[in-house]
Structures are given as structure tokens and as C-alpha cells.
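Work out the full structure: start from the sequences and follow the hints.
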Amino acid sequence: MAKLPVSVDKIIEQYGPHKAYPPQGGFYGANEPDKLVKTHCCYCGMQCGIQLKVKDNKIAGFEPWMEFPFNEGRLCPKGVQRYMQNNHPDRLLSPIQRVEGKGFEPIGWEKAMDKTVSEIKRIQQTYGNDAFAMLSGVSLTNEKSYMIGKFARVALKTANLDYNGRLCMVSAGGGNKKAFGLDRSSNSWDDLAHAEVIIVAGANISETFPTLTHYIWRARDNGAKLIVVDPRVIPLARTADLHLPIRPGGDSALFGAMLKILVDNDWLDHDFIAKYTSGFEETIAAVKDYDLDWAEEQTGISKHLILEAATLWGKAKTSFLLHARGIEHHTKGVENVMSCINLVLATGRIGKPYCGYGTITGQGNGQGGREHGHKCDQLPGNRDITNPEHRKYISEVWGIDEKDMPGKGLTAYEQIEAIHRGEIKGMISICFNPLVSLPNNNLVREALEKLEFYVCIDTFLSETARHADIVMAGSLHEEEEGTVTTAEGRVVKINEAITPPHSARRDGEIIMEIADRLGAGDKFSFPSSEAIFNELRIASKGGTADYYGITYQKIEENMGIFWPCPSLDHPGTPRLWEDKKFKTPDGKAHFNPVKYRPAAEVTDKEYPVILTTGRVVSQYLSGTSTRRIGKLVDQYPEPLLEIHPKLAYQYGIENRDLVKVKTRRGEAQFPAHVVETIREDTVFIPYHWGGKFSANQLTIGSLDPMSKIPEFKVCACQLYPTEKKGSEHRTESAYQSWL
Amino acid sequence: MSRLFRTLNRAAFFKALMASIVVVVLVLVGSRNLQNFDAALFAYLVGTVFAVFGIAYRYSVWLQRPPTRLYWKRSMQFLFSSMFFPYLYRSAKLFFRNILGQRFIAYRSRTRWIGHFMMATGCMLAFAITIPLTFGWINFELIPGDDVTYYAKIFGFQAFSFPLGSPMAFITFHGLVWCSILVTIGAAIMMRRRLTNGGLIATQTFSDDWLPLILLIAISITGLGISYDYTFLNGRTYQFMAVTHAVTVILFLVWLPFGKFFHIFQRVAQLGAKLYKTEGLRRGMAECPHTKKEFATKTHIEDLKKVSKKLGFDYSKKDGSNHLDLSPEGKRSALAKAHFEARKKSGKFFG
Amino acid sequence: MPKTDYNEEMAFFVDMQRCIGCHACEMACAECETNGQESMIHVNYVDRAISTQTTVQVCMHCEDPTCANVCPADAIHQDDFGVVHSADTSRCIGCSNCVLACPFGVPKMQEQAELMMKCNMCYDRTSAGKKPMCATVCPSQALYYGTREEIERMRPDSVPVNSFLFGQQEVNTKVNIMMPKGTHQLIIE
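Protein chains in written order, with the numbering used here: chain A, 3 to 741; chain B, 2 to 352; chain C, 682 to 870.
In silico lysine to any residue, SDA-like type, Cα no more than 20 Å apart, as pairs:
1) B/Lys275 with C/Ser771
2) A/Lys525 with A/Pro408
3) A/Lys354 with A/Lys590
4) B/Lys338 with A/Glu678
5) B/Lys154 with B/Leu42
6) B/Lys338 with C/Ser844
7) B/Lys307 with C/Ala749
8) A/Lys662 with A/Lys727
9) C/Lys811 with A/Glu69
10) B/Lys310 with C/Leu846
11) B/Lys306 with C/Asp755
12) B/Lys345 with C/Pro861
13) B/Lys349 with C/Ser732
14) B/Lys318 with C/Gln849
15) B/Lys278 with B/Leu89
16) A/Lys410 with A/Pro707
17) B/Lys294 with C/Asp728
18) B/Lys310 with C/Asp745
19) A/Lys726 with A/Tyr651
Here are some chain A residues the structure puts well away from chain B; computed CB gaps all over 10 Å:
20) Pro71
21) Glu112
22) Ser704
Estimated spans, in silico, between C-beta atoms of each pair:
23) C/Tyr687 with B/Ala12: 36 to 44 Å
24) B/Ser347 with A/Met561: 32 to 40 Å
25) A/Glu682 with C/Leu846: 37 to 45 Å
26) B/Val269 with A/Lys648: 57 to 65 Å
27) C/Gly810 with B/Asn235: 51 to 59 Å
28) B/Ser347 with C/Gly810: 33 to 41 Å
29) A/Gly31 with B/Met125: 33 to 41 Å
Please keep in mind that the hints were generated in silico from the structure rather than gathered at the bench. Note that the coordinates shown come from a computational prediction; the quantities given were computed from them, not determined experimentally. We put the CB at the ideal spot given by N, CA and C, even for glycine.
See below:
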């Protein structure tokens, strides 16, 4: 029953996305705010500190927070415009319900709750508990992430809980757990400052983590060599010492070949390898045939560049390797990550000053949200839901019988497939817009249309929420207190600046009320966010992600605490592995042999061009919030198809021509952006948009066997020039600064 | 004193002198050899003549500056061309819209426009009333034998009449009261802005931004004081009211050519600037060699090259082109390219 | 000028090769109270078809500003600190002379308001001892506001330069551009 109740245009007319701008001269009270609230930007894993100006319980603007150590006032355009998500005309102010033929109409909380709970009960009684699934997101705080993990297992009693971190950093998490037994960036960003060589692989830092740029530039001022691995000349690559324009999908071939060069030249830390690692021999055996000719063919990068990169890395005394979705969004995402870690371990450059490694988590709470039981296979403290000891401990904390704890459930994309097959009948979602962010979203839409009941908690009516039977008006980042964990592992405090407007409610309260109505009220009687955090501390105690020693007070006094922090007198751990005691069962860091294999879908005669997707600086994730902020939209108003002039010439495509891109999943049209800053065999489309602008109509739903991350970064496509041009007024602001 | 003479702009001095003499002559002629001149207003007359001298002097000096001179010359040249009537019509329209109506301010901020419009309209109406009175061009008389009708005379000729105590009489004799009210409200709106807008607070000065508003309010209040006195106090405080009002007005007149209020006279140049743009468009647009887009009129670019050279800025290049041929975006890109080349030459793009 | 905490030790440094074209400065500029949600800073691609190179331009606050010289209305004022202010709203006649004559392409014309506006180095902030909005938020620190000692310590390979040659014309500015060591002037051919 979850087809759209009216035409999409009618829904958009009422609920947006509409572009909001600040009034001329700024919001009322921006000059003389009632208070400045120190909190963080919600738009990426850097979690930059920012101060929000509050006037009459409304956000009136922002003031840079100069003292917060990570960003010292620095912000990206999303951060500057972050305050504009508040006071938004599209904001959901009360629960609404789907009315066939009419759209949505406001209803009271009582009715919304009644309907939701009775539908949950009906579906679970008819089809079994696991037929009601939950999808969540890691833009939520640690408190909410933890509580949702508990809610799904204790109140909903379903195994099928997963989250949008599945599209984000699960490959990195998988690789890190295999290699180190723990899933966190090994160092704080401060260790970048004096690294001699920095490799940035598949991380468009200048657009997706702009404030991290300062750390890279600082390192370069201190003499660091910068190596960027990316199919495009991203802004970071433009002035880099080495840019390796890799063919999408070639990552493990490159890192394998580099490892072979390290071995051949004996640029290895034998002492470290012998004392603190295992698996080295098998690992180098796996790459013994990966010579430069082979590598050039597999990666599309000239030999001399590969050799130069390996030489720089091999000879350095200090180094830092960073990667992000570029190497992780693959059917071999975990392998790519492990092949990077192999380079780090071979040179023994970890657990020492200015020697580091880490994934750069993308989502606001991508780090913390993936640690506390938000995933289908996980329990708080990054525990394993299939491990009997872990199950026992958490069951005790939660006060339930271990036998009642559900087992491992389906991952996000698998849930959608299960809905499509008719196995899952009902769903509750929060903070996730799968219709934009999952691959092959034609299938996602069909699945949503098959749901018998779908309830969504959100602040705006996202593309996915349009398919809901009931949408509950939840809270924004600045409307509920909590903590998040930044990409460097620093737990920071989110402060409540204002209360939710009209009858919108805090997410936490909504979850707790549903839990109560499902009969688990005694397990969800938290009087405050701090109370949830205190339970989380106990639940995480003894796990790898140990938060026990972190308190709200400690966070505020120190402007963040790095986990693991096992006791109250522990100062936190900015740099991991200084003691070389790894969290694997044998206490050693593990080399993992990685054999290169091709992507799930490679180009052929029929589909000859590689399609890759990514992000732009002015948008965040599926754009539910950022596509509603006028200035951010104007900066890059529509997705463009980046294409090299040589490839464009082959197809007779000129700049701004509308091009039809077709894959085995679907087709869509995008204006061509003819630029020399991309590989000749690859086209790129940013994914933040929905509907006919969605790049994920084209992407492939193949998953990494271990992390179950979809392969957003490679698939094969066809290009057809249409006779039409992309509309002009949009170009102006896409290429130029807006006026 | 010698410094004053050394820096004296002779051309301007003579023009100002001429303007002052013309005013005096107009007073003599218009008041029928002072027959209709009100001796009580003598101090105001002196103030006005001084203001005319000052404004003419400053205006003349101003027009001698190369960019202003160019605009002036071009405006005249373009106006008195084959397009005379269309341009005259356009300029007249703009005069109403932008000089009398100050509509362009509304695009800066609406409340600011409302405040400014009230102030400006009050001032202009007040000038329209007081100058003819001061110059003796208008006077009101009771004709012997008819003590219920007022007769208004312009330049000594009878123009119109109205019965004493009629609404018309009330409106006419309280004209300045209405002006004062407009000015006071307008100035209060502007003051409020200056107290609350952070940007204005940071950049404002007392003499340029607050003094003019205070002065306008002082004139209005003391003026209203005179009305109050004869309406409610039977003239008991007339002497005091009249003197304070005269002091504020004369201060205003003497300050007119020097301070903020000079912008009232400069504003007319906006009409010239508009005309310049219109005629320029007709003559053709300049294309930026970098962006390949039209960005300004050719006339403007060519004129600017000459004017800036006169002012001591020579942006011409060896190859005969000129940095000013570039659009603003082109110039920014040229700078970035030069910077990039310099970095490249040093062997590192980053440093 | 009114009472002020303007710190003359502080200076502005620009290095557009560090710019990542993110437009944070542009968004932040609009938040500066003297601009009323209008952005005064410029960010543009140099030639997007071939490169992601962007340039960022604040007012350079020339020692002898061309804009003020060519202004027919005497609307552009340079204060005792050398800050060249946005056009005096009561005088500016919206003629665009400054927009077209500025060698750096800085002033912006507000067509309907018939008013030129330009960067005044966030005078509301700098006069209160704070850093300008753009340099505060700039995530790459292509825009830096601080002391000369700080910048020389932080960027040992570069030197601040405040002299430019456009054709025949030398222009000296208050704002510095970071150049390779040993450079004294940026020459724009």
C-alpha cells in the first residue's frame, strides 16, 4: 500500500524540497542572540565545532567556535549554511498520515502511535517478528543509535535492524577488524602534521571533508609529499606531488603492486613484522606476480607513477594513509582496505607519532553510530551478536533473557531485496533515505510499494518518506542533546539549542513511546540523553569500543575524549597501538593476503564506459536537508555528467548537452560537463539527488561478500547524446559563484 | 589665511560668487525691490546665500575631477544628441522615480527607504515653502476692507486666495508642521536602524551619520515649538522658540555644502550615470577576452582607460592591450594564472 | 571612525593555489553584518574545462586605490588603517566605474539598489578584534588572517608579497599574496 498517494509533483508542492534563504539582512536577532550554543556541524564525520545563535527559541545564525581544537572556527559551505536547516518552510511540524488520492494530512500523536503500534503487532503476529524491519542512520547521536539498537531487539524483537552506515564505512570496519581487531582510525588528525608521505586513496577530501584539508596542507608546509589516488583530478590532486589517476576498481591491484615493490626493495620494517604481525608470508606470496606491467594494465596508471609512489612510501620515515568511500564502495571493499593496511604494516609505521592510518568516516556520526549495536550483526561496544559471551553481557545490561535476543539479521540492501521478495512486510525507518542512497533504486521503489505498513521518523518528507503510511515529525541535530564520535574517534557533545517546533518531538521520545506501547516501557524509561549515555557506557564496557570512562562532564571539559577510555581516570586514546597490543585474538596485527579480482560488472562491447559516482561539496548524503538550503543548491543545482573531452568527442557530445546514460538497471539523463579532469574511460555523476536526477537508478546492487557494501563506484554504462541541451539558468550557478 | 588663498579654486570661487549674486538679484527682483521681503527672515536669507555659495563652490570643484568631469561632459553630449527627446523623457521619469521617490533605496532595505523617503520628502517640501518665503517671492496679505480672506501673492502678483479659518488656510499655514512630522518620523526610523544594525554600528561616525539626523530632528522640534507656542501658549515663548529654530536652521544651511547633506545635490549625477549606460548600450558592448562574454559598454571601458590614465594609473600592456579590457572575472583569473605560473616556475605548485 | 579594537599587527594573506573552491568563504561572507546577506568575496574557476583550479579574491585594500580615484562621487573612503571601505551609500550613484577599473575585479554592483558594495575586510569583526569571516572559516586557509610572524613560521617556503604589476602599473596593497621565496612582485602579463 505504499505507492505514492498523489502525484510526486503535488507532494513536492506541499513538502518540498523548497529552497530556503536567509532574509535580507539576516534573521531577526542575529545581532543580539539570546544565547550562543556550542555544538557541532551535522554534515560530515569531521563534526566541526560551531556556535549556533538562538533567539526566541529559533536558530538565527552561527558564530565560528575558535576554541574547538579540530577546526578552530574553520567550516565548509555546508557548515556555514548548517543553521539554515532550521526555520525551514518544509519542516514537518506534526505527524502526518497518507491519504489515498489526497496526499498527506496532519494527525495527532495519539492516532499516529495507535496506528503504528497496531500495525506492528498485526504484521508480527501474522508473519513473525522478523517480518517487521527497521532501518536507521548514523547522522543520529550515539545515544539514539544505541537506543535504536536496543529498541529493535528488545521492543520490536526483530533481527532485521540495519543502518545507512552499510553504504558508508562497513568495508573499512571489516578490514580494520580483521587487521587490528578494532574499528577506528588509528590516529588523531594531529599525526598528519609531520608525516613525510601522505597517501589519500579514494577520498575527495576537499569536497567531502573540506576542513581536513587544513591538516594536509599543514603537513605539506612541513615538507610532506602528497600522493592522491583518484580517477579524477580532485581539487586536492591538482597541486599534489603525485596524482595516480586510477581506473575505478583497480585499487587492490595498485596497492598489491606497491607492496611487491616494497618487498623487492626491502623497504620493510622486519623487526615490526616479526614481533607484532602475522600473515606476512602469505600476503607477499599473493602479490609476487604483480609486476609493474601487470599493474599498469589493471589500474590504468603509468608504471613510473606507481613506482614513484611506492618509492616515496617505501623510503619515508613517517607516513599517513587515508582512504574513504572511493576504495570502500566496491564488491571488494574489504580487500581494498586490507591491501592498504598491508602497506602500513609492512613499513611498521603505526602506533608512533606522525605514523598513521585511517578511514575517513563520512556521516555525521559514522564512527560512533557504527559501534553501539545499530548494525544487523552487532551489539554495543562493537560486540558481535553471534558471540555467546557478548550476547550474555548485553542481555544482562538490558535485563532480558539471552534467548530473547534476536540473532543476526539482514543488511540494508538485503532487507530491501527481502521486502521485494515479500518476506518483510512492515518497516520503521529513521534518518535514512534509501530511495536516493541505495543502488539500483528502481528496485528499492518497487520494494517500498510492496510494504504493508511503513512508518518513518524524519524532519522533512524525504523521497523515501513519501512512500510512508505515517510520518512522525522528529527532531533536528540541534534539538536533542547527545554525543557523537568524530572520524578521528573523538567523542564530542551535541548540545540542544532549541526545542522542536510546534508538535514535532525529539526522536528519542518518539522511540521511547513506541517502545512503551509495545510493552517494553520499563527498558526505555530514560529521563535524559545523559541517562542513555550512562547505560551505553556500561554496555560498551569491556568491548573494543569502550566508552566506560567517558562522561558528559569530561567531554565538555576536554572538548572531546578519544575512545577507548576504559576507566574514569583514563584520559582517552588519541593514538592507538602505541603499546603494539592489537585487539585480535592473538594480539598481533594481521596481514591479509589480497588477490586482485575485477569488479562485479566490467565494461564490454555493449556497455563500454565505466560509471562511477561520488559527491559534491555543497551536498550531504541523500540531500534531504541540504537540497532544501538555497545557497547550497545554487552552488551545484543539478547532477552533471563529468566526461573527458576525448570520450565526449567520440560520442559527439558537447558541454551542456543532455546525455542519456544507460546501464543494465536503468537510464537517466544528465547535462554533460566536459572536463579534462577525469579519466578518458570513466564518467562521473554525483548521487545526492532523487527521482529522475538520481544516479542510483544506474548503479549496481552487487555487494561485498563480507561487508555487504554495494558497489557504487564501478559499473558499466552506455552513453547516448540527446539533441537537447541542459537548461541554461542552472549552468550559470553550477559553474560560477552565485550572485 | 594665505593657505586658504593658495588652495582656493579660482574657477569655482568665481562660479560660486556668480551663483550668490544671481540669488541676491533674484531676491531683489522677486520681492519687488524688497517690498515684499520679510525683514524677520533676514538671518535666514544670509544663511541661504552662504549655502548657495558653498554648494556652488563645492559642486564646481567636484565637477573638475576627471571622472566627474567625464560623466558631466558625456551626459550633456548624450542628452543633447539626436536622442534628445527620448533621453529627456527617460531622465524626467527617473528624476521622479529616483530623486523624488528614491525608489532604489527600497532594494537596499524597505524600512530604510520608508525612513529616507519621509525625511527627504519633508525636507524638500520644507525647502519649497521656506525658500520662496525667505526670498520674498511669496507673501500673504489681508486686503483692507476684507478681513476674512487671505491673499497669496507670488512675485508681487496676486495668485490665489482663501478664507481665513478654512481648511485650506489651516493646511497652508501648517505646511511646515507636516514637514516636521515627516522628518521627525523618518529620522527616528533611520536612528533606530543605526542603533540596531550591527554593520552600521561598526562603520558609522558621529559627524557623518548621527549629527545630520540630530540636526534634522532639532530643526523639526524647534519648528514645531513655534507652532505650539502660538497655538497653545499665545506667543508667550515666541522669542525663545524663534531664536532656537533660527539657530538650528542656520547651522544646517551653513553645514549643507560640507557635510553629509551635500549628497542631496550629488544624487542628480545618478541620472547622468543612467543615461551614460543607456547610450553606451546603444553603441555596443565590450567582450571579455577571458570569459568571452559581454560585460560592460565599450564606451565605458575606453573612457575609463583615459580617465584612469589622467589620474596616474596606466594599465596598458606592452602588446598594446590593456588590463582593463578584462571583465572583473577575467582579471581575477589573470591574477590566478600569473600566480600559478610563478609557483610553477619555482618548481612547486604548493608552498 | 568610531572607537575600535582594530589590531594593526594582524594582516591578511591569500594563497589561491591552496584554494579548493568550496565556497565556504562566500557563504560566510554573507553573514558579515556590514553586507546584509550579500556576499562580497569572489570564488571562480579559472578554466574548468581543463582544471579544477579556482581563484579566490578579497579586496586587496590598495595603498592608492584605483576604485576610489575613479569614483565620480567620492564615495569610496580609505580609513586610517588602510581599509578601503564599501561605497558610502548616500553618495554612490551606481556608475560601475570602480567595478570596471579595479585591477583585481573586486567591487560588486548591486544593480537594482544602484549601489556598489565591496569587501571591507569584515570591518564589523576586525574593528572588534575578531578575524574576518572568510579567513575564519576557510578550510584550506587559502585565506589567512594573522600576524606576519605567524605566517612566516607556518609557511616556510613562501613569502608574503604585496606588490603587483599590471602592464605598466604597479599596485601596492595592504593584503598580501603568498609567493615563492625570493619573489618581490607578482607580474600579471
